[in-house]
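Protein chains in written order, with the numbering used here: chain A, 695 to 1127; chain B, 100 to 556.
Don't read these hints as lab results, they were simulated from the structure.
Be careful, since some hints might not be right.
[To be verified] Listed next, with one range per pair, are the computed distances between beta-carbon atoms:
1) A:Pro977 <-> B:Ala160: 14 to 22 Å
2) B:Leu445 <-> A:Arg1120: 37 to 45 Å
3) A:Gly1088 <-> B:Val340: 25 to 33 Å
Ideal placement from N, C-alpha and C gives every residue a C-beta, glycine not left out.
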Amino acid sequence: MTEMIQTTATRTAETVAARLNRRYTAERRFRALGLGAILLSVGFLAVLLGSIVDKGWTGFLQTQIAVEIAFDPQVIDPEGTRDPATLDTADYAALVRAGMAARLSPEADRATRRDLSALVSTMAADQLRAMVTADPALIGSRATLWLLASDKLDMVVKGQVPRQVGAAGNALNDRQLGWLADLEQAHQTRKTFNTTFFTAGDSRAPEQAGIWGAVVGSFFSLAITLLVSFPLGVATAVYLEEFAPINRWTNLIEVNINNLAAVPSVVFGLLGLAVFLNVFHMPRSAPLVGGLVLALICLPTIIIAGRAALKAVPPSIRQAAAGLGASPLQIVAHHVLPLAMPGMLTGTILGMARALGETAPLLMIGMVAFIVDIPKSPLDPSAVLPVQIYLWAGSPERAFVEKTSAAIMVLLLFLVSMNMVAIVLRKKFERRW
Amino acid sequence: MQTLTLAAILLLLSSFAFRLGRKRAFAVSAHEPRSLHSLPGYYGSWVALWCGLPAFAVLIAWLALEPTLVRELVITDLPAAMQTLPAERIDILINEVRNAAQGHATANPDLAAAAEHYNRLRQVSFAAVTAISVAIALAGAAFAYRRVQPALRARPRVESSITVFLVASSTVAIFTTIGIVLSLLFEALRFFQMVGFTDFLFGLNWSPQMSTRSDQVGSSGAFGMIPLFTGTMLISLISMVVALPLGLFSAIYMSEYAQPRVRAVAKPALEILAGIPTVVFGFFAVITVAPLIHSAGEMIGLSVASESALAAGFVMGITLIPLISSLSDDVITAVPHSLREGAFGLGATRSECIRQVVLPAALPGIVGGVLLAVSRAIGETMIVVMAAGLSAKLTFNPLEAVTTVTVQIVTLLVGDTEFDSPKTLAAFALGLMLFAITLALNVVALHIVQKYREKYD
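Throw the hints in and build the complete structure from the sequences for me.
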């Protein structure tokens, strides 16, 4: 009898122990799943950033080759007039070709000429033109210049495409690869910081393409966005939080704002297309229209952040001001708004950061055009940074991959710095009441 | 540029008016400001408002009306033969005139003359608006200046105009919604006049490319949106399969298990993930994920399209992790501690407490968050534009290329400026559907979330 009780007891103890073990295992498994989910998510972020940096850091470098150029008077200015128009229209590409041929290959057939000029960017001729028009005394002299290499040579030098002689699908043919080896042996190639990338507008040729046009376009768009959405957003937040009576109308406005915050941005693009372009006939591709559409997109963000900031100001401030005889508007303008301003600015900066990365609505209003010129005003057609990234991502040239990644790095840098400013602002001015 | 200068001049005048008004207030009070009804600054603001507001109203009215007016005048001045042309041809002519007016040469002497006329008209109209607005500004300032009296209730008047501005600003949100609905509805109705509503809603074929000649086969195009919607649903489903477990488990770990130090690293990391523009994710999908999936599929003998739904959906899922995680985190932390303590008191382990007590209590909020994420996935544009295909295939195979509603909206409208073909109008019909669906999802989601909140407040 006692034995039986004992065995039942041990059995129960064993079952409980086993079950407890199972439960603890389940506990550990559950916990590991949670940790795994976080690690995986952070891992995705790391892989994303890593692959962008890995592909893009070479975009900040450009390859140049040293070529001895003879500023041949026969080519530049055969009549010796030194007329600026003649200097401007001379065939500088011929000078580049001659210099390359003198260094690399004495043969002068068409195939050789073509192979030679494929190594140098067409910008090299512009470089020579700028030098000669600035200083006509150069004509007749000789000089060794560092000329911008073509994107194909650039890709081979950077190791982005294979350089085995005889391999299929090479960007350069075997003869060109031989010349490249020759140049590298003589230390006549170099990689320098890519200033073109930061000063030029868009271009069909990857080595001449830059982001400056897009940066200026983004700046104009964001300036318009800020000018429109900040006053409107603050005014709306103040009205809804401080003055609005609680009635159907106010309720309708609130529901509206919450819904607008969730409308897909591409729909805002359709609105911009139908209203700003087709009804008001504003210019296509202009930062003005882009800025207005982006302002509508980030208005809800600014309003919601603004209301949160106003809510955080304790009622005692308002009561004290009212007790001293301030009118409702004076209470808000002199006391509540200054206290809520840091929070509102933080929300605005975050809204701007979102607007800076927004692409789809801008495609709708025609900001995808190929634009070389740097925009001078918000009415000029221009690209913006994310759209430039989209355009380059769709370009077939191999060299645009690193340009795209480099542009993404610049965009992310802007976003990070905007967020930093927002965080610092919040840390510095946040008050706990 | 001219207009900006004029606006700056008007602003300058207003600031002068402010100083004058304040000075005047001091003067009429015989330098005894206490006898004034309001603070002197309010008298200044009142005069400045009288100076600036009417003048700016004139300027804005001119900005709105001038293009149409000048256009009509230019048209009446064109040779009679040109005036009788159909409306689209006249639009083209006017565009040429505008280009010629900006200094581009034109071969047609009539147009050159019209361009000159156009420039002259614009100069005259700008001179007129400058004169009128400055005159109105001065007149308004003078009117208000003469009315500055100690008894004048300046503060209430200034404050009421500021209140009007506040109320007007708050209606912008409503006008935006009305603008969206009307513009989508208007263009969509034009589309439905050309293509039947049921054909659009239930058609199984989508090939909007219209041939240029009307007698060719298939010239009418096909506008059935079912394949687009199945594509959208497929990609959204894949993205939710990725985002839901990852987002939910991250939220659970962060709110229930994580040490403050882990939280301090993981939370900002997820915020960074949320802040990265989608165009970057699109590029990542095209350049890294899609080739990876493609070669992985080849390794196990599957043929994977290079623009597979899997790649687009997977990357979209990554973008949705932070959204689901932060929304779930909020609702999980909102579950009252008494519930957890009750579960622990009965001997539950942490995971049992979470699975059997916290999650059921938080479920409505989590469902709301998931619905919000689905609506985001349906409206997401750049990732699918870059990484999903263009061909509208009716398939549920994640390894094939599918297209989505947003992809088609972008493809139909980019680079096309004609507004009378069903092809461009179809984009607005799709936009209307997109708007309706996302709106419905959001309303339902917010409703669920709010209903849940009432329970514990």
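Indicate whether the distance between the beta carbons of A:Pro977 and B:Ala160 respects the range 14 to 22 Å.
-> Once the Cβ atoms are compared, 21 Å apart, the range 14 to 22 Å for B:Ala160 and A:Pro977 holds.
Assessment of proposed distance window 25 to 33 Å (beta carbons of A:Gly1088, B:Val340) | holds (28 Å)
Consistency of beta-carbon spacing, A:Arg1120 to B:Leu445, with hint 37 to 45 Å | Because 42 Å falls inside the window, the suggested range holds.
Going through the hint list in order, the structure satisfies each hint without exception.
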